[in-house]
Amino acid sequence: MNGILPVSVLEPAAEQTQRQAAEIFSRKEKEAQPDVETIKAQLKEIREYSSANLPSLVNLFQESVSKYPEVKVAVAENASQAVSYINEVAGDTRLISINKSTVITNELRPGLESAGFKVYIRYFKEFKDFDKVIQDYWQLPGLSSQSLGQSFEITTKIAQLKAIEVRDYIAVVGVNAVSAEDGQVFFLQHFSNISEDLNEAKKVILVVAIDKIVKNWQDAAFQTKCNGIFGLESMTLDLESRVVEQYDFEKLPPLPPGQKREVHVLILDNGRSALLSGAQKDLLLCLGCRACARQCPIGHYFVGGGEVWSPKSYLWSFLLGTNPSTETCIHCGRCYVECPVDIDLPTLMWRAQFEHYARHGRTPKKRLLDYPELLAKLGCLAGPIANWAIAKPVFRRLIETMAGIHREAHMPTFHHESLRKWASKRKR
Amino acid sequence: MAKVLMIDYEKCTGCRLCEMVCSVYHEGVVNPELSRIKVVKWEWEGRYVPMTCQQCTSAPCMAICPVKAISRDENLGRVVVDSDLCIGCRMCVAVCPFGGAKFDSANKQIIKCDLCDGDPQCVRFCEVGAIQYVEAEEVTTVKQRAAAEKFSGILQKVASAIAEVS
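Top line first, the protein sequences correspond to chains A and B. The first sequence begins at 1 in the numbering used here and counts up one residue at a time. The second sequence begins at 1 in the numbering used here and counts up one residue at a time.
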C-alpha cells in the first residue's frame, strides 16, 4: 500500500443511467435489470455477514487501516472517549463541521458541544431559502420500484487529501461504509458538503461506527449505493430550509500554503458490540439508510431543527440512554415494511421498552394509565360528573399536567350504568 | 402536438459535434461536460447512441422536485427547470431513468435539454441527420415505414424462395 487512504464519495450521477438507457435503446435483445428484490437480497447478505463477523471485521479493519502511515487510528469504547479523543486532536481549534450522519449528530454532537466546540452541519448551509413543498410520503412518486440501481455512482475519488485551500477547522464526518480488507472509505452525498470538508478541513476525523464495516470494497460501495437507493425518499422529505445556527465556512480565510493535514480514523463502538448477545441483535443489520423514516407517522413530530431523526435512531438513542422512552411509537409497522433488510423495528421497540420497565420499574402515572379497565370503572362510578369535568378545559389542563393526557385528546363518554346492569334490568 | 427530437442510432457516427455545439450555445464554451446531449459510445462495436432528455409527459424529475422547480412547457412540449427555484439537491439526477438531467458542479445548478427554445442546435449541425426535430406523429410514421420496408423485404424474399422451389 502506498500510504494514501482511499476515500470515495458516491453521488447521484447521470453517466451510468445514460449508458444503461442507451444500451436498452440500441440493443435488440434486452438484458434483465436487477430488480428491487435482487438488490435487497444482496444487501441483506452483506449485512448478515457483517453482523455475524463483527469482532473479526473490526480487528481486520483496524489492521488494514493501520498500514496507511499517514492515517492515525483510534478506538473509542463509548461517546465520551470519542469526544475526548477529538478534543485531544483538535488542539486550539474549536470549530467543527459535521455531516448528517446519525452517529455524529445523535451520539457525538451533544458531547462535542458540552466540550466547548462550535458544531455546525454544513449540509443545511448549502441550500438557499425555499418553501418546502413535499410534506409527506404520499406526495412522492413511487420510486423504489423504478430502477434506481444505476443512479448513485462514485464521482469523487479522494486518493490524496489535497492541501490547496486548507481552512482552520475540523471535519468530523461519519462514513457510510468501510471495507475491512483494504480500509477503503465510502461516503454518500447529494450535495457537496462532504467533499468540501474532505478537501478543506485542517483535520479530518473519519468516524467509523463498527457496524459500518463490511468485508470488501465492492460490498462497501454497494452498501453505500443502497443508502441512496432506499434512502432517497427520506432524503427528499428531509430537505427543508431550517432555522438552525449556521456558519459560513467559505468565509474562513485559507491558511498559508504548506500546511500539513491530518487524517484520523476513529472506530466507535458505543454499545454496538454489546448488542451481539442481546435481543436487539437485529439492529446491527441496519445500514443507516433511514428508509424507516419515510412513512413514519410520528416522524413529523421529531423532525426539525438540526437533528436527524429516524425510528431506528429513536430506538438506538433509547438503548443508549439519551432518550427517555419509546412510548411515542404506535407500532404501526410501516418501518418494518419499508426496511430493505427487514428489521422488525416495532417489535424491537416494545421489547426494549418492556425490558426497561422490568429493570427500572414504572412511575405511578404510567401504572395508572396502564390499567384502562380501572380508569373506565372509576369513570363509570363518577358517571355524568366525569363527563362534565372532561368537557371543561380547566379540568383537561389539570389532567394534562397530572396524567399526561393531551388536552385535545379524544376522551370516552362515561355512563353510570354499565352494559351488564342495563342488560339484566331489561325484560326478556 | 409539439415537436420532438428523433434520434436514429444507426446514422450516428459518434463525432460529438452536437455536444460541442450544445455547450457553446448554452454556456459559451466548448466543454462536453456542460453539454445537454451526450453520445454514449461502444467504440469496439461502432455503436453510438446520443442521449438527451426525453421530455417525459409524466416526468419523475417533476414529481420528485421538492421545490417544484421543474415544470412542463406545453407549447414546446418540453420539461423546463427554473434555475431561480432550483436548490441543487440533485434528486432529479438520481431519479431520471435516462440520465437526462445533469449537475453542473461549477455553477451548482441543474442543466438539461431545453430544445434551444424551438431551434435545436444539435439538429442544425448534425451532418448525417442522426438527430431530427420532427412532429411527434411523424416519429410513428417513420418507424412504421421502416418496419413495413423490413417486413415487405422479408415477404419478397419468402415469395422469391417459394418461386424458386416451385
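Any given hint could turn out to be false.
[As the list claims (entries may be wrong)] Derived lysine-lysine pairs resembling DSS-like cross-links, with alpha carbons at most 30 Å apart: (1) A:Lys157 x B:Lys108; (2) B:Lys108 x A:Lys251; (3) A:Lys118 x B:Lys143; (4) A:Lys125 x B:Lys108; (5) B:Lys3 x B:Lys143.
[Said to hold, decoys possible] Simulated coverage check for chain A against chain B, where a stretch passes if three residues somewhere in it have a Cβ under 8 Å from a Cβ of chain B: (6) 6–19; (7) 79–88; (8) 209–218.
[Stated by the list, open to error] Far from chain B, some chain A residues (derived; all Cβ distances over 12 Å): (9) Ser26; (10) Arg27; (11) Lys40; (12) Phe127; (13) Phe152; (14) Thr155; (15) Lys157; (16) Asp168; (17) Phe222; (18) Glu245; (19) Gln246; (20) Asp269; (21) Gly361; (22) Pro384; (23) Val394; (24) Gly404.
Just so you know, these hints were derived from the structure itself, not from any lab. Computed from a predicted model, the values in this text were never measured in an experiment. From the three backbone atoms N, C-alpha and C, an ideal C-beta is built for every residue, glycine too.
Each hint, compared with the structure:
no. : hint                : in the structure
1   : A:Lys157 x B:Lys108 : holds (19 Å)
2   : B:Lys108 x A:Lys251 : holds (18 Å)
3   : A:Lys118 x B:Lys143 : violated (63 Å)
4   : A:Lys125 x B:Lys108 : holds (14 Å)
5   : B:Lys3 x B:Lys143   : holds (16 Å)
6   : 6–19                : holds (count 9)
7   : 79–88               : violated (count 0)
8   : 209–218             : violated (count 0)
9   : Ser26               : violated (5 Å)
10  : Arg27               : violated (9 Å)
11  : Lys40               : holds (18 Å)
12  : Phe127              : violated (5 Å)
13  : Phe152              : violated (7 Å)
14  : Thr155              : violated (9 Å)
15  : Lys157              : holds (15 Å)
16  : Asp168              : holds (24 Å)
17  : Phe222              : holds (16 Å)
18  : Glu245              : holds (20 Å)
19  : Gln246              : holds (15 Å)
20  : Asp269              : holds (33 Å)
21  : Gly361              : holds (45 Å)
22  : Pro384              : holds (52 Å)
23  : Val394              : holds (43 Å)
24  : Gly404              : holds (35 Å)
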